[in-house]
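J.: Each chain, written out:
2 protein chains.
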Amino acid sequence: MVRFVYSFDEIREPVSEETVLRLGNKGAQLAEMTRIGLPVPPGFTITTQACREFYARNKKWPEGIREEIRENMRRLETRIGKKFGDPQNPLLVSVRSGSYVSMPGMMDTVLNLGLNDETLKGLGAQVGSVRGALDSYRRFIQMFGDVVLGIPNAKFEEILSRRKNAAGVKQDTELKEKDLEAVIAEYQKMVQGHTGREFPQDPQEQLQQAINAVFDSWNIPRAVSYRRIHKLREDAGTGVNVQAMVFGNLGNGSGTGVGFTRNPSTGEKEHYGEFLLNAQGEDVVAGIRTPQPIDSLKQAIPEAYAELMNVYRILETHYRDMQDFEFTIERKKLFLLQTRNGKRTAQAAIRIAIDMVKEGLISKTEALMRVSPKQVDSLLHKQIDPRAKSKQKPIALGLAASPGAAVGKAVFTAEKARKMAEENPQEKLILVRSETSPEDIEGMHAAKGILTSTGGLTSHAAVVARGMGKPCVSGAASIQVNEEKGFFTVGEHRIEEGEMVSIDGTTGEVFDGEMPLVSPQIGNEFLELMKWTDEFRTLGVRANADTPQDAKVARGFGARGIGLCRTEHMFFEETRIAAVREMILSSTQEERERALAKILPFQRTDFEEIFEVMEGLPVTIRLLDPPLHEFLPKEEAEIRKLAQTMRLTEEKVMARVQALHEFNPMLGFRGCRLGIVYPEINQMQVRAIIEAALNLKKKGIRAVPEIMIPVLGHVNEMKFLRQLVDDTAQAVMKEKHDGIEYTVGVMMELPRACLTADEIAHYADFFSFGTNDLTQTTFGYSRDDSGIFVPVYLEKGILSVDPFESVDPAGVGALIRISAEKGRSSSPKIKLGICGEHGGDPASIEFFESAGLHYVSCSPYRVPIARLAAAQAAIKKAKG
Amino acid sequence: MVRFVYSFDEIREPVSEETVLRLGNKGAQLAEMTRIGLPVPPGFTITTQACREFYARNKKWPEGIREEIRENMRRLETRIGKKFGDPQNPLLVSVRSGSYVSMPGMMDTVLNLGLNDETLKGLGAQVGSVRGALDSYRRFIQMFGDVVLGIPNAKFEEILSRRKNAAGVKQDTELKEKDLEAVIAEYQKMVQGHTGREFPQDPQEQLQQAINAVFDSWNIPRAVSYRRIHKLREDAGTGVNVQAMVFGNLGNGSGTGVGFTRNPSTGEKEHYGEFLLNAQGEDVVAGIRTPQPIDSLKQAIPEAYAELMNVYRILETHYRDMQDFEFTIERKKLFLLQTRNGKRTAQAAIRIAIDMVKEGLISKTEALMRVSPKQVDSLLHKQIDPRAKSKQKPIALGLAASPGAAVGKAVFTAEKARKMAEENPQEKLILVRSETSPEDIEGMHAAKGILTSTGGLTSHAAVVARGMGKPCVSGAASIQVNEEKGFFTVGEHRIEEGEMVSIDGTTGEVFDGEMPLVSPQIGNEFLELMKWTDEFRTLGVRANADTPQDAKVARGFGARGIGLCRTEHMFFEETRIAAVREMILSSTQEERERALAKILPFQRTDFEEIFEVMEGLPVTIRLLDPPLHEFLPKEEAEIRKLAQTMRLTEEKVMARVQALHEFNPMLGFRGCRLGIVYPEINQMQVRAIIEAALNLKKKGIRAVPEIMIPVLGHVNEMKFLRQLVDDTAQAVMKEKHDGIEYTVGVMMELPRACLTADEIAHYADFFSFGTNDLTQTTFGYSRDDSGIFVPVYLEKGILSVDPFESVDPAGVGALIRISAEKGRSSSPKIKLGICGEHGGDPASIEFFESAGLHYVSCSPYRVPIARLAAAQAAIKKAKG
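Chains as they are written, first to last, in this note's numbering: chain C, 10 to 889; chain H, 10 to 889.
Hints are computed from structural coordinates only; laboratory data are not their basis. Any given hint could turn out to be false.
Remember, identical chains collapse to one label, so a pair may be satisfied in a single copy or spanning two.
Dumping the calculated SDA-like pairs for lysine to any residue here, alpha-carbon to alpha-carbon at most 20 Å [unchecked claim]:
| id | residue 1 | residue 2 |
| --- | --- | --- |
| 1 | 643 | 129 |
| 2 | 400 | 25 |
| 3 | 187 | 626 |
| 4 | 805 | 88 |
| 5 | 840 | 602 |
| 6 | 173 | 140 |
| 7 | 367 | 732 |
| 8 | 661 | 496 |
| 9 | 650 | 221 |
| 10 | 643 | 670 |
| 11 | 728 | 805 |
| 12 | 185 | 225 |
| 13 | 745 | 653 |
| 14 | 437 | 163 |
| 15 | 437 | 12 |
| 16 | 661 | 486 |
| 17 | 307 | 642 |
| 18 | 886 | 588 |
| 19 | 838 | 771 |
| 20 | 307 | 406 |
| 21 | 561 | 283 |
| 22 | 805 | 692 |
| 23 | 805 | 733 |
| 24 | 383 | 577 |
Every value quoted in this text rests on a predicted model; they were computed, and no experiment measured them.
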């Protein structure tokens with residue numbers, strides 16, 4: 010028969026994942042602390058399975074549970090020597106929820122359960138204080154009313170304040186017995202008015218209702234959405250912990266507090282925590298009275314302090330991680346009510362992990378597993394001061410598209426941003442657009458941050474901003490941007506050009522006005538941790554970088570190569586775009602070649618600079634990728650200007666713009682299709698690459714170019730272009746009487762390429778998965794357009810995560826596995842990497858590790874995250 | 010050692026595919042005729058491998074071949090008793106190309122090779138006619154000069170005519186010996202002037218040059234492009250046949266002719282053919298003299314006639330197919346120079362196939378294999394009279410997007426077409442657009458044919474035209490359409506609105522003016538053949554039909570159900586679009602439901618009508634698929650009008666249009682994504698379907714609805730929508746106190762759906778592959794945009810066929826196989842079909858048969874083709 014209830018002292022084995030899943034974390038740790046001899050008030054846990062059965066049975070209790078609870082209550086009575094509901098010597102309990110991870114939003118705690126108009130007296134006798142008993146009863150009605158009966162807490166506070174005013178006192182503790190009696194009477198009356206029923210006097214009924222309230226709280230919207238956001242198990246259920254009450258409110262020899270075994274802000278090893286004398290649990294958190302630091306307990310209750318110091322030591326040694334625990338002191342006797350791994354700041358996480366290795370408490374692999382990649386990320390970016398955030402609400406919430414915070418004047422066109430930055434290079438600007446396009450690059454450069462109202466996590470704005478390491482909030486759908494007139498509105502706010510806004514790309518928040526920022530602090534611990542990652546990870550980490558600046562940042566963060574150098578960004582710079590447009594407007598191969606010859610020196614210099622920064626490390630250069638129309642102007646005035654510059658009729662320019670117009674540019678004339686229709690484009694690019702490498706060789710600098718062919722879907726494309734690359738490279742080397750090594754590979758971003766990888770691998774030295782486009786084609790989602798339905802999909806649980814954020818293992822992942830397998834079948838030594846946005850996402854990195862790839866490539870600012878995530882993936886894999 | 014040369018009488022085995030590939034078809038049939046005792050002049054064949062080696066060695070002969078040829082020439086000399094190059098008794102030969110299929114454009118024939126100024130005399134003695142010898146020599150120089158030396162034939166004809174004029178005669182045969190001598194001298198002089206060398210006098214050199222010319226002709230552009238268009242093997246190479254000459258030009262007891270064992274136009278069994286007395290081979294074809302019908306040979310050379318009748322009989326009995334053969338009569342003795350399966354009209358092909366079965370010559374399966382699906386297609390559509398085509402050249406060539414020919418006044422907007430057709434329903438119109446969109450549907454209805462300058466074989470224009478059975482030429486890129494001003498230009502032609510144009514959607518040709526059309530003739534033989542297909546095919550054949558009219562046509566052609574009924578076309582009709590737009594402009598679910606309630610009765614009636622036509626047969630109804638913006642107007646004036654009708658501000662309408670704008674609509678908010686975000690749309694559609702089926706049930710008509718969910722990529726979408734469909738259907742049936750059966754399935758058109766088919770199959774009764782979109786996503790080709798690079802890909806041999814025309818087995822096909830396998834693994838009885846455009850393509854049908862699908866669905870007018878192709882695929886599969 011299934012058992013639904015376990016007493017704390019029943020568990021004989023050290024706590025395990027299984028126990029945590031079965032009892033919830035709180036229950037499992039209460040049992041564990043009991044097992045290792047720490048002073049825990051006795052009690053029992055109703056399993057998470059009971060919760061699951063509760064839902065499976067349409068909110069009815071599963072069979073047998075009632076009897077098990079009764080039996081356990083009986084044992085508790087025997088153990089404590091009190092009786093539940095006994096007017097003379099009542100047993101009181103606390104009821105608390107606890108799932109396998111702690112989850113805000115779920116019902117937390119009901120204390121003093123078992124009190125009623127009768128048992129109140131018995132309690133008074135037990136604790137030797139009628140007032141103490143009245144205070145406990147008052148608290149019980151309030152808590153039960155709030156969390157079980159759903160009566161707003163404010164209604165109770167109202168009654169309480171009114172009574173304090175009437176009594177002319179400020180603190181709850183100052184209320185007299187008769188005041189408390191009056192409060193209780195008023196509470197009961199209000200409860201009856203609110204629920205239509207008397208406040209339940211039967212302790213058994215109280216218990217049953219409290220347990221149901223815990224079960225119910227598993228599925229309240231806040232809890233559901235918390236699980237969705239944090240990718241927690243939907244089917245886990247919550248445990249219910251029923252525990253004999255101890256009282257911290259029995260005078261100044263009693264108290265309650267919270268301890269951390271290390272400082273959760275800094276990570277320093279110290280006895281961190283605070284307590285209140287003569288108080289019950291929730292008072293510390295509620296902040297009604299100001300708690301005292303742990304140290305002053307030495308003076309107040311020295312016996313309890315000594316015991317507490319012991320507890321600090323035992324908890325750390327036993328759990329080998331920083332603990333966050335709750336304690337109550339009842340008449341100088343210390344009781345532990347809860348312990349869990351303490352939440353900590355990023356900085357603290359790293360310091361604690363490293364210190365614990367040095368103290369011999371944990372191994373390096375354990376230390377690496379203790380720091381989350383997200384924490385590393387937050388260390389690298391400016392943040393809005395959390396104190397300021399607690400005082401001001403955001404005006405909009407978009408997607409956390411590129412981490413970090415920025416503050417600046419709103420500006421609505423890239424042109425304007427560029428001009429303002431030119432006039433005053435110190436000017437702080439936030440570029441606000443409904444969406445960005447490649448024409449906006451310079452404006453994005455000029456701005457401190459980017460805010461868009463449409464587009465997802467891999468929209469142009471998001472991708473480019475991440476590449477630049479600039480904060481970006483994308484897809485803030487509640488914002489209406491009027492770019493022409495230069496303002497945006499959101500709700501009742503209207504922000505004009507030049508007015509200050511603040512964005513937080515780590516959270517997606519947008520604030521009106523100038524918020525104070527705090528700077529990231531990269532300490533020695535951070536650098537040490539990063540070094541450790543390299544000892545364990547098997548995946549290489551490279552960066553996506555298009556400029557020498559990006560490359561420098563990437564190398565500084567430990568990137569061991571460039572996995573994606575996009576050449577088209579080089580085409581957009583003002584000095585070059587004219588030649589690019591001339592090339593596109595050419596009608597013959599000769600004209601095109603003439604225009605390309607003008608671009609060649611620019612490209613060569615670009616590559617020379619990047620190769621120099623990355624000396625000795627591989628640089629994967631992607632041949633021209635975007636559809637040509639992206640380079641042409643769209644506005645009539647601009648077209649007119651272009652026609653004049655090019656000495657062409659406006660009609661001809663317009664005709665070319667129209668001819669290149671595409672219904673679905675994502676699936677259009679781009680990538681290697683350009684290079685096959687106009688081979689001279691790729692010839693120029695290959696020439697620039699090889700010439701650059703040869704020039705550096707003369708200076709004694711080794712360049713390691715890897716030429717990557719984008720949007721490839723057919724082996725014949727590869728045959729054609731491999732030939733073109735090799736012929737061009739050979740020709741250049743012959744001209745220059747010198748040679749260098751280079752490789753040629755494929756950006757795998759189309760399902761067809763993956764499905765025919767065995768054919769393609771015959772001609773390729775490497776595959777690099779372009780998981781952005783592969784996700785687009787595999788799902789049939791345009792990353793620019795999916796913002797309208799993907800949020801609904803997440804909300805309705807159709808998708809558990811945006812596939813542009815974390816790689817989809819079942820679909821996109823299947824194609825990656827197929828490719829890897831097929832590719833290796835015909836070319837066992839083929840190098841396999843990934844250069845999509847997923848290269849910086851920890852969950853995806855774990856998948857790539859499991860798929861046997863050789864490296865990941867991500868934006869420069871995500872390199873540390875990727876290094877850590879790769880190490881964690883390798884450690885997990887080694888564990889099996 | 011490899012042998013490169015085989016004598017005709019060496020082959021002992023009946024002709025096989027292997028022999029045909031090795032010797033070429035001509036060589037293989039010469040050997041076969043020799044083997045079965047027919048009178049063939051002796052000779053030998055140089056293998057196709059020799060040709061391949063020739064190219065592999067940079068146009069050098071492979072080793073050993075020279076000796077083999079010499080040896081075979083020696084044997085030929087012995088056999089005939091003449092000597093190659095002997096002035097007294099010269100051996101003359103013909104040299105002819107011959108690949109595994111006959112290929113226009115390749116070098117055909119050089120006769121009389123071995124003649125020179127010396128052997129000429131010996132020939133005169135041999136044939137007893139100096140004039141005959143001179144005539145042969147003159148012909149040889151001309152043929153050799155033309156096909157081997159590359160001198161335009163006109164230059165020879167010029168000399169000949171001049172001489173005929175000078176001699177005052179009309180026919181070549183009237184030229185005297187001295188005239189011929191003069192012609193020969195002039196020919197030789199002209200050749201020397203043209204090539205800078207004397208006409209080769211050495212017969213060995215003549216032979217070598219002729220053989221090289223045959224090899225070279227394999228790769229001349231015309232031959233290459235012929236192979237590409239007809240999907241012939243690029244690597245096959247051509248054989249070379251060297252054969253002892255016989256002479257038809259030795260007076261009136263000699264002659265030459267061509268025979269067909271049945272009438273190639275009608276298929277009637279008769280001795281079809283014609284001949285010329287005193288002539289050599291090319292004269293019959295050249296049309297200089299009018300040949301006589303075969304029957305008159307009975308009078309002219311009775312001995313040869315008797316033998317010829319015997320040959321007719323033997324060839325048909327032996328080859329069991331209609332033969333097209335060449336013969337020469339040398340002094341009353343009949344020789345066969347060639348035989349091959351005769352080309353025939355579609356009508357003849359069917360009649361011959363059926364007759365031969367009735368005559369017991371061939372089996373039904375053979376008969377079915379003898380008729381090509383293309384022939385069936387041409388039988389179903391009007392054609393431009395071939396006689397008119399031979400006189401007038403097309404002004405443009407586009408894609409053969411929807412078969413049949415149409416003639417009408419050019420009209421440039423759908424609105425205008427509709428109006429003109431309203432004013433005069435007899436008006437013949439051709440709608441000319443750069444491309445069409447769903448808003449053009451009514452105009453397309455009003456036109457006889459559609460011509461577009463952009464878009465591929467699966468562009469909107471092409472798909473809709475095929476669905477309507479209307480001729481369409483799409484992607485005629487040389488045409489510039491000016492829709493506003495109402496004209497189009499192509500080269501120097503300019504066609505104004507109202508001027509007549511003709512299009513041939515079977516060939517892609519566009520003609521200026523009104524071309525005469527000939528009507529299709531569907532005879533009893535056609536119907537009989539179609540019946541036979543049903544005996545053999547295992548694939549079901551359904552049609553894609555959106556209207557009762559389409560459904561009727563489809564059922565008439567033998568469709569056993571509807572495999573794709575698109576519901577969005579129903580939304581575009583003028584009476585409904587208002588409600589559809591109201592639905593889209595709604596901002597709450599209630600508003601949307603109100604608008605949908607207005608559409609419901611229309612949809613229900615649509616379905617009732619279609620179910621009635623398809624009584625008892627399955628009808629697969631696809632839930633709403635296109636992005637909503639397709640239903641909204643794009644022009645400002647129209648938006649203004651809509652705002653007025655809807656009593657909304659223009660701004661609001663404009664905002665909604667903009668909000669629904671998509672960068673890549675193909676990958677946007679469409680398909681089941683609509684139904685998940687706005688479930689009420691699909692609820693309305695399911696209600697309409699179920700209500701329609703229940704209404705018909707009351708009338709005693711059985712409807713078999715299959716509800717299909719489009720653009721699905723994730724099992725959770727399926728779970729959600731299956732639930733929605735089932736809930737809605739149950740609710741309707743409960744309301745109506747009645748029930749019907751229905752199934753729910755998935756349109757498989759995204760790679761992710763295919764890769765996770767095992768998960769999806771748990772909730773699906775059927776999969777129907779939407780191979781259009783699956784091709785788009787697998788290749789990353791937008792069908793609307795690929796017109797710019799796919800033609801280049803075909804030209805450069807990157808693709809051997811447009812993947813929108815024939816399904817790509819390696820990529821799209823792999824996904825179909827994966828889906829089928831995975832789908833069956835979790836649901837062994839799942840029904841598998843295909844409803845993309847490929848459903849009517851024979852090569853694709855063969856693939857679908859091999860992949861184990863259950864049915865194909867194609868446009869109504871392609872149903873007969875699909876039935877035949879399916880039968881052929883099944884027969885091929887059975888053969889292994």
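J.: So, against the hints stated earlier in the document, which numbers end up violated here?
T.: Result: hints 1, 2, 3, 4, 5, 7, 9, 12, 13, 14, 15, 17, 18, 20, 21 and 24 break, sorted rising.
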